[in-house]
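Number of protein chains: 2
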Amino acid sequence: MNRKITSQYQAEAEIFKALSHPTRLFILHTIKEKSYSVSQLAKMVGIDISTMSKHLDLLKRYKLIGGIKERNTVYYQLTIPCLFDFIRCARKMIDCSPECQQLQCVPKKLNQ
Amino acid sequence: MNRKITSQYQAEAEIFKALSHPTRLFILHTIKEKSYSVSQLAKMVGIDISTMSKHLDLLKRYKLIGGIKERNTVYYQLTIPCLFDFIRCARKMIDCSPECQQLQCVPKKLNQ
DNA sequence: CAGTTATTTGGTACTTTTGCCAAATTGCCA
DNA sequence: TGGCAATTTGGCAAAAGTACCAAATAACTG
Numbered sequence: 011m012n013r014k015i016t017s018q019y020q021a022e023a024e025i026f027k028a029l030s031h032p033t034r035l036f037i038l039h040t041i042k043e044k045s046y047s048v049s050q051l052a053k054m055v056g057i058d059i060s061t062m063s064k065h066l067d068l069l070k071r072y073k074l075i076g077g078i079k080e081r082n083t084v085y086y087q088l089t090i091p092c093l094f095d096f097i098r099c100a101r102k103m104i105d106c107s108p109e110c111q112q113l114q115c116v117p118k119k120l121n122q
Numbered sequence: 011m012n013r014k015i016t017s018q019y020q021a022e023a024e025i026f027k028a029l030s031h032p033t034r035l036f037i038l039h040t041i042k043e044k045s046y047s048v049s050q051l052a053k054m055v056g057i058d059i060s061t062m063s064k065h066l067d068l069l070k071r072y073k074l075i076g077g078i079k080e081r082n083t084v085y086y087q088l089t090i091p092c093l094f095d096f097i098r099c100a101r102k103m104i105d106c107s108p109e110c111q112q113l114q115c116v117p118k119k120l121n122q
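These protein sequence lines map, in sequence, to chains A and R. Going by the working numbering, the first sequence opens with residue 11, and the numbers climb by one from there. Going by the working numbering, the second sequence opens with residue 11, and the numbers climb by one from there.
Treat the hints with care, since some could be wrong.
Which copy? The list can't say, so a pair holds if one copy fits it or any two copies do.
To be verified - Okay, derived cross-link-like pairs now, DSS-like style, lysine-lysine, Cα gap no bigger than 27 Å in a straight line:
hint, residue 1, residue 2
1, K44, K70
2, K27, K73
3, K53, K73
4, K42, K27
5, K42, K79
6, K53, K27
Hints are computed from structural coordinates only; laboratory data are not their basis. Quick caveat: nothing in here was measured; it's all calculated off a predicted structure.
Throw the hints in and build the complete structure from the sequences for me.
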């Protein structure tokens with residue numbers, strides 16, 4: 011059954027993995043309003059340009075962002091507008107715990 | 011600035027990381043309707059019980075699931091009901107690409 | 001209490017991810 | 001064409017994640 015589960019959830023897991031690094035979340039939030047170049051983003055975060063390039067490449071591979079080349083600078087921008095509906099959704103979930111307690115949707119008997 | 015970004019997006023990134031493994035997504039979907047024990051889940055996936063225990067522990071650390079002990083078996087269940095609103099939301103995003111093309115929300119000039 | 005069952009923890013090996021440096025590539029401009 | 005600027009790629013080392021086995025723990029049962 012291992013194979014079956016893998017194929018079913020692999021793709022989904024990979025998207026989450028793409029979103030599972032602070033720098034990449036920063037990128038997505040930062041280029042939401044305005045495109046930035048690789049070196050601009052690298053400077054903002056304080057990491058090597060090549061490292062930033064690789065983060066951007068990863069996001070590009072999952073079609074979350076895309077780059078537009080002007081002269082010899084690549085400006086990155088969001089490809090999927092609904093990405094932020096999603097992230098808003100994620101935050102709602104993350105903040106859910108207290109709400110959950112109000113709504114009493116925590117399992118009745120939790121061992122500690 | 012590195013520090014600032016880390017603190018701001020670290021927590022969010024960690025939640026995504028918790029969701030970035032096929033087995034853990036399987037767990038969440040499987041215990042949605044009905045609680046299962048560690049060994050039951052391990053058998054379904056076809057991995058070692060100790061490995062499954064560690065996946066469950068990770069999800070528990072992020073308060074996504076909780077365990078109820080009956081006799082000497084621990085049954086795991088979802089803690090956050092809105093988790094699936096979120097996952098539905100994630101799937102919508104993942105399936106977004108074709109929609110996006112219809113809606114022409116792909117950047118105008120994408121270099122390949 | 002001794003044995004059994006279920007889970008967790010510790011240890012180890014393997015793989016993947018991340019980040020830097022250096023080198024290669026691409027495209028502009030004099 | 002030669003040099004410059006921006007980005008990408010390759011290589012390596014450190015860190016993190018994953019999976020197994022074996023041992024430890026916890027809780028029931030005779």
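How the hints compare with the structure:
With identical chains, the CA atoms of K44 and K70 are at most 27 Å apart within one copy only, with a shortest distance of 17 Å there and 38 Å across copies. In this homomeric assembly, K27 and K73 come within 27 Å of each other (Cα to Cα) both inside a single copy, at 14 Å, and across copies, at 19 Å. For a Cα distance limit of 27 Å, the shortest separation of K53 from K73 inside one copy, 24 Å, qualifies, whereas the shortest one across copies, 35 Å, does not. Proximity of K42 and K27 under a CA criterion of 27 Å is satisfied in both settings, with 20 Å inside one chain copy and 22 Å between copies.
When the C-alpha separation of K42 and K79 is checked against a cutoff of 27 Å, the pair qualifies only within one copy, where the shortest distance is 18 Å, while the shortest distance between copies is 45 Å. Proximity of K53 to K27 under the C-alpha cut-off of 27 Å is found in both arrangements, the shortest distances being 24 Å within a copy and 25 Å between copies.
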